[in-house]
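Novice: One-letter residues, chain by chain:
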Amino acid sequence: MGRVLLVGRLAARDLRRRPVEAALLLIAITAAAATLTLGLVLHGMTNDPYQRTRQATAGPDVVASAGPNPGIGQADLAGLRALTDAPGVVDHSGPYPVVGGELETDGMTGSRRTPRGEVVGGAAGVWAVGRDPAAASVDRPELIHGGWVRDGGVVVEAGFADALGVGVGDRITLRTRLCEIRTSDGRDCRVVTGRSFRVVGVAVTAAARPYPDVCFAPFCPWFAEAMENAQPQGPPPDGNERFLEDPVEPGLVWLTGPDVRGLVPAAEYLSYVVNLKLADPTDARGFVTANQASTIGPPILESWQEIRDEHDKMVQDQQRVLRTGGWLLGLLAVAGVAVLVGGRMADQTRRVGLIKAIGGTPSLVAAVLLAEFVVVALLSAAAGLAAGWLAAPLLTDPGAGLLGSTGAPSLTLSTVGMVTAVALGVAAAATVVPALRAARTSTVHALADAPRPPRRTPRLIAISARLPVPLLLGMRVAARRPRRVVLSTVSIAITVSGIVAALAARATIHQDAQLVGGTDPSIEPANKVLLVITVTLAALAAVNAIVVTWVNALDNRHSSALARALGATPRQISIGLSAAQVLPTLCGAVLGIPAGLTLFAALSGDETAKPPLWQLLAVVPATVLVVAALTTIPARLGASRPAAETLQAEFA
Amino acid sequence: MNTMADTALLRARGVRKEYGKGEGLVRAVDGVDLEVDPGETVAVMGPSGCGKSTLLHLLGGLDRPSGGEISLAGRRIDQMGEKALARMRRTAVGFVFQAFHLMEELTAVENVELPALLAGRSPRAARRRAADLLDRVGLADRARFLPSALSGGQRQRAAIARALSNEPLVVLADEPTGNLDSAATAEVLRLFDSLHEGGQTLVIVTHDERIAATADRLISMRDGAFVDETRLTGGTRGQLGALVGLEG
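Keeping their order, the protein sequence lines are chains A and B. Positions 0 to 651 (numbering that gives the first Met the number 0) are the ones given, in order, by the first sequence. Positions 0 to 247 (numbering that gives the first Met the number 0) are the ones given, in order, by the second sequence.
Calculated from the structure, these hints are not laboratory results. This structure is a prediction, so every number in the text was calculated from the model and none was measured. Cβ coordinates follow ideal geometry from the N, Cα and C atoms, glycine included. Hints are not guaranteed to be accurate.
Estimated spans, in silico, between C-beta atoms of each pair [what the hints assert, rightly or not]:
#	chain 1	residue 1	chain 2	residue 2	range
1	A	353	B	150	43 to 49 Å
2	B	22	A	636	26 to 32 Å
3	B	197	A	586	45 to 51 Å
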């Protein structure tokens, strides 16, 4: 007990003796812990908004749709109607006619800028559902703006309207294209109908997946497996296959039934949707399984839980970015903390000697040093959990398609455990080596406060002899502590990879806006989160750069003083100390570019755009300049230490 | 104490160095006047803490005086900016320290060539000069050894070679034998002897009477001030070894 008390007391005193370093350690680990917490708690955060929307809109428990299929026939309306009488169904609305096509806003043929600043062009995919002007008992879309459908008036789903930048009073054009597959000529598509509508309302619904994943039979990508298994039941009547072109990344609009029917050349091209209310909503999945078609002909069913999960996917990109960001920040924290700890250890060699001289064992020394960082790690984990928990609702955007905002997430035991383990891991990874080294240091050596012998790298020494004096000094400073150089390089590479990933995200948003006429609403919140992560990474990297330079200045005080005695100017020393940081920065920045592109590709999963070459090329000099500027002050302070005092102190 | 001759290479007038304020004021160097002629060897002796090393640092431009004037080769160095001081140290002054102050990660030859590289010489010229100097101090066969692989005497000889790298006007040695045993001290003394022979101006701060005995002039220092000065009989040029009994 006495030993534990002693370790605790020594650790607490040392932390109090160096409050700035302790605060820096706390900030570094807290940032990593908070980001990781955010990544872990985001799962299921859209549950509240979806439930709220479902309640407000009398959302269905199961949505069933049926569509026409080339070579098979018209939509199985009878099958759809039969579902309304299936056991367990207590209410329904529909069947409503549905048609897939493309939507164009006024002036969308050229490129234009949305209220959110994206440049969009071309047409967007759309599903138009024909609804009665009267309210239905199941699925009553909640109007955010304007009124409900009327002849010639369209109501746009809120998420879709947000992405397109359209509002009440705007005009849109809906078109359908009829395609024909000729056995000899291949596929031929042409516009068969096109009609202008005025936007009369904007509404939310719980009965459809979010934009741009809205789907009805027969064009549900998630039902692709069933479609692949579908076997045409005989050849097309006239040898051709005719069908309406699939909407690409579609959103949802509501029209009146007659308006929807007016968009297709014949009723056989219509799909239909029915909304079912079950006696036991919790068994919606079971109902779907029991009634789901295994082939393309019969209706496609989807439970409310599946639709909710799709809305949850809106934050999955954010979740992925945050989780990855958490790990990146964790790595950065390891790099930063390792440098801090290394510098701190170098600064307390004498203290270690004193503890040993008065009878402290090597294990006691190691325990004291480790205890300090365990305390900091535990405090950081607690602060990170709290910060992540509080920030999650602010960072999470459930999308315009749902009502309300996300609430505070729940902290599970596994989340608390993992964040604490990571915080402890960061502290342990950065502390174990220096702690063991300090424990092994001979007492006499430690009492003499002799600096740790520098590493010799003959090749770098030889190369540096050919460089101008500041670079000669800088390269030699760097060469003396290769581990620190590696940590600095890793730190910058991680930061630059975050910056490049953020640039890639922006480029992808821009590309999507141009390709599909709107922005994937899941990307922008992810981009916002990525930006937050990148800013945090940059801030931590900046702290790291300053700390490394200062630790370098302390560690090289003897060699710097000697160089000054031999004729180096303070400016040369100062530039040398900065250069020692700039050289790994250059390597880290160059490595960070491919790492960032790979990271974003891994995060986004889909096809991604690359940032413009000039942006990638600008990242390297910009990073180097920023680091050079950041290191100027600690380098100058380090270089301005009186040389005589330092040289004399060596044998005082 | 001194006659101010125009020929002096290094000159100090009323030099003071103070630390602290009020009651805590410490006068490390208190009104020192000194002249060192070209080729002259001056030894400064005194107890620990009397201000010898501080004086040496002031003379070499490593530290700035609180008052007084210091000139080297006719130029006031106490008023120089940091850059000019650095240039002066690079070209006109060579330092030898008690603790050698060799860079641990550099070999002997790399340590010796460093001042030349700092002075902007080509790597090849710097290396050639360093090799010559190491040969001169008897360390040609140790050129590629790290300081940790050299004896104390060898380290100090390497440090002396480094001090000579840029052919300085004056070599300032701070307790050059303070960390050495007798044999190593003898090695270093021989080296200073040969430097003296070659006309190198030397200012040596020391506790070691044997070193002091080799000088042309011996100055005693106490509490930051010069208290005594002795011009050694017959001078020492060419007779250092004999004086301290190192020959034969």
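Novice: Name the hints, by number, that the structure is in violation of.
Specialist: 1
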